[in-house]
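**Student:** Okay, here's what each chain looks like letter by letter:
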Amino acid sequence: MYFSDNILSIENLSIGYGSADNISKMVFSDIILQAKKGENIAIIGRNGIGKSTLLRTIGRLQKPLKGNILVKGKDISHYTKQEFARLVSFVSTEIIRISNFRLFDLVALGRFPYTGWIGKLGKDDYNIVNESIYQVGIDDLKYKLINEVSDGERQRAMIARALAQDTEIIILDEPTAFLDLPSKYEIIRLLNELTVNKGKTIVFSSHDLSITLQEADKIWLMETNKIAEGAPEDLILNKDIYNLFDNSRMTFNIESGDFRLARNKPGKISITGKGIVKYWTRRALERIGYEISDEVKEDLSVQVDDNKKSPEWIIMRKGNKIKCNSIYKLTLHLRGIN
Amino acid sequence: MDTRFNKKILLILISLSALLILVFIVDLFLGSVKIPFKEILKILVSGESENQIWLTIIYDFRLPKAITAVLAGAALSVSGLQMQTIFRNPLAGPYVLGISSGASLGVAILVLGYTSHFTNQAVHYFGNWAQVISAWIGAGLVLFLILAVSMRVQDIMTILILGILFGSATSAIVSIFQYFSHQSMLKAFVIWSMGSLGNLSKSQLNILMPCIIAGLILSLLFSKILNVLLLGETYARSLGVNIKFSRIMLFISTSILAGSITAFCGPIGFIGIAVPHIVRIITKSVNHYYLIPGSILSGAIVLLISDIIALLPGSDSTLPVNSVTALLGIPIVIWIIIKNKKIASLG
Chain C
1 MYFSDNILSI ENLSIGYGSA DNISKMVFSD IILQAKKGEN IAIIGRNGIG KSTLLRTIGR
61 LQKPLKGNIL VKGKDISHYT KQEFARLVSF VSTEIIRISN FRLFDLVALG RFPYTGWIGK
121 LGKDDYNIVN ESIYQVGIDD LKYKLINEVS DGERQRAMIA RALAQDTEII ILDEPTAFLD
181 LPSKYEIIRL LNELTVNKGK TIVFSSHDLS ITLQEADKIW LMETNKIAEG APEDLILNKD
241 IYNLFDNSRM TFNIESGDFR LARNKPGKIS ITGKGIVKYW TRRALERIGY EISDEVKEDL
301 SVQVDDNKKS PEWIIMRKGN KIKCNSIYKL TLHLRGIN
Chain Z
1001 MDTRFNKKIL LILISLSALL ILVFIVDLFL GSVKIPFKEI LKILVSGESE NQIWLTIIYD
1061 FRLPKAITAV LAGAALSVSG LQMQTIFRNP LAGPYVLGIS SGASLGVAIL VLGYTSHFTN
1121 QAVHYFGNWA QVISAWIGAG LVLFLILAVS MRVQDIMTIL ILGILFGSAT SAIVSIFQYF
1181 SHQSMLKAFV IWSMGSLGNL SKSQLNILMP CIIAGLILSL LFSKILNVLL LGETYARSLG
1241 VNIKFSRIML FISTSILAGS ITAFCGPIGF IGIAVPHIVR IITKSVNHYY LIPGSILSGA
1301 IVLLISDIIA LLPGSDSTLP VNSVTALLGI PIVIWIIIKN KKIASLG
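In order, the protein sequences belong to chains C and Z.
In terms of our numbering, the first sequence has 286 at position 286, counting the first letter as 1, and numbering is strictly consecutive.
Take any residue in the second sequence, note its place counting from 1, add 1000, and you have its number in our numbering.
FYI, nobody ran anything at the bench for these hints, they're computed from the structure.
It is possible that part of the hints are untrue.
[Claimed, not checked] Computed cross-link-like contacts, BS3-like style, restricted to lysine-lysine with a CA-CA straight-line distance of at most 27 Å: (1) Z/1244 x C/144; (2) C/120 x Z/1202; (3) C/142 x Z/1284; (4) C/36 x C/25; (5) C/36 x C/66; (6) C/120 x Z/1042; (7) Z/1284 x C/66.
[To be verified] Chain Z residues, not near chain C, derived (Cβ > 10 Å throughout): (8) 1008; (9) 1035; (10) 1147; (11) 1182; (12) 1191; (13) 1230; (14) 1234; (15) 1235; (16) 1286.
All of these numbers come straight from a predicted model, not from anything done at the bench.
Think of the CB as a built atom: it goes at the ideal place given N, C-alpha and C, for glycine as much as any other residue.
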């Protein structure tokens, strides 16, 4: 069923390799998903679950085994190659390393579906290429060579290329892989801006859970045999997000939205103190595996004293007191390393 | 793609054209018979000379050879460029990937196997076209095999090694043919396989020229697609390129270019792999609208220079042109390998 506001609609889709009559490898089946115009959608799931296969199938880079994908109400196989290239663009994980390749030229290749057989850029094409470069914030780098810029800048150029392709839907396969943390945030923030300012519909896959849970409008959470769909907050509240960590030692902290690797629990501990110092002390104690208790009566407690010039921590263990002048020393004492 | 760089590249292409004309005339000037420079220009412009021998030397020997060098240099360079882009591999080229060997095999089967049932006259009658077409088929077959492998194996080095193995395998088959073939046929084949620019008759040149021009035009028509193929198959597909069709057309173009030259001039190595890199360095561009004309001009220049070196100016003896191109090309290939030792990139 097609609702006029669903730009992308996936109906009973089975993805994998082989053909409809001769399925050599089914990766995922019976997928039903919708995307509305202007949404920033993140696909998350464990390695090998089929995120890339799903994205490639939506991008018509491989054929679906069964079912339909509708873009603007029409099955994608009914579009011509050129029509589809003007509707959906794709940014892959592949790192382009070509000498003598300027960022401008890379972005300009996005105009391929619009230019004549000579590929010469018209005035409008130039404007769109320059505008795309400006939007992703690499205006000052556009005449740099592609192997002279950082990973984050190159990824921006790849996104600018997709923008120059001027499609309503942009699909990105792990756009934040290989990037450092600030760049990861910047790229996802850029995707958000494109949905808000340009009305683009964006579908991307990611392993950066904290960032996607903070920034995406909607999550398609691929589990072993179903896909949970919803706002990140919905998936947290209905505990779907926990299914990501079945059979793994990862735990999800529902209050902070953090992920932690579960450690052997050394026991309970209580903290007295206040403010920001207490918060970070608590994080440190959680990191080394303590369960934080609200009762002050525990055998083991830490007293945070930040009245002085530099804060102090006092470990109280059955009447014994040990003073520490840093969180590092505190953790060393608690772990029994001296 | 950006006008800022267009003027500079246009200037480079004009300079290359001037250089091509210069080395072309120098190539005509050199040879065992000394012909005054002025006389050569006069023969070229008016087509007449008081000395009938000079006219014959220029028109029947030196001019066909120089034109063959231009065609061969252009064809091998463009086929190398196309393969480097299609395989996204800086070390691809008709010789390295065994395409030239494939063409040799085609010719070997024709000369040593098939035509041994015919008289010499029969071979002469349909020989030229048969030779070209069997070289095309041989080259196309090896290209197809390499493509089939490269779809399964992504690693560039593996593909190169397989290309070398295909080349060795075809050489082995050629050896078997040689072993069992008739003496006179064997001699004809060995002379062919030593490679030469000067063995072409005018009638052969009449076949070679349109083939090469057709191959080059086909290549130019696909410049836009070659540019996108730089990004790889995924991006090309997502930009709406018909990958299968483009690949087949580019392989036809490569087979025609490399196959035709191999059919008439024998295997000439290292032009196809080295010249595209020279062009990338001097134009600082990846745009095939510049790289293809640049490769045509530079390839012709390099092969003419190789021929000039092979003539050993000042002496009466000549070198095989294959050896000269190898000695010129191998340092460039070594440089590419050292430069790209970490990542395989184009240029």
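**Student:** Give a verdict on every hint.
**Tutor:** Structure-based check of all given hints:
no.	hint	result
1	Z/1244 x C/144	violated (33 Å)
2	C/120 x Z/1202	violated (39 Å)
3	C/142 x Z/1284	holds (15 Å)
4	C/36 x C/25	violated (30 Å)
5	C/36 x C/66	holds (23 Å)
6	C/120 x Z/1042	violated (42 Å)
7	Z/1284 x C/66	violated (47 Å)
8	1008	holds (13 Å)
9	1035	holds (43 Å)
10	1147	holds (19 Å)
11	1182	holds (50 Å)
12	1191	holds (41 Å)
13	1230	violated (6 Å)
14	1234	violated (5 Å)
15	1235	violated (7 Å)
16	1286	violated (5 Å)
Violated hints, listed in ascending order, are 1, 2, 4, 6, 7, 13, 14, 15 and 16; each of the other numbered hints is respected by the structure.
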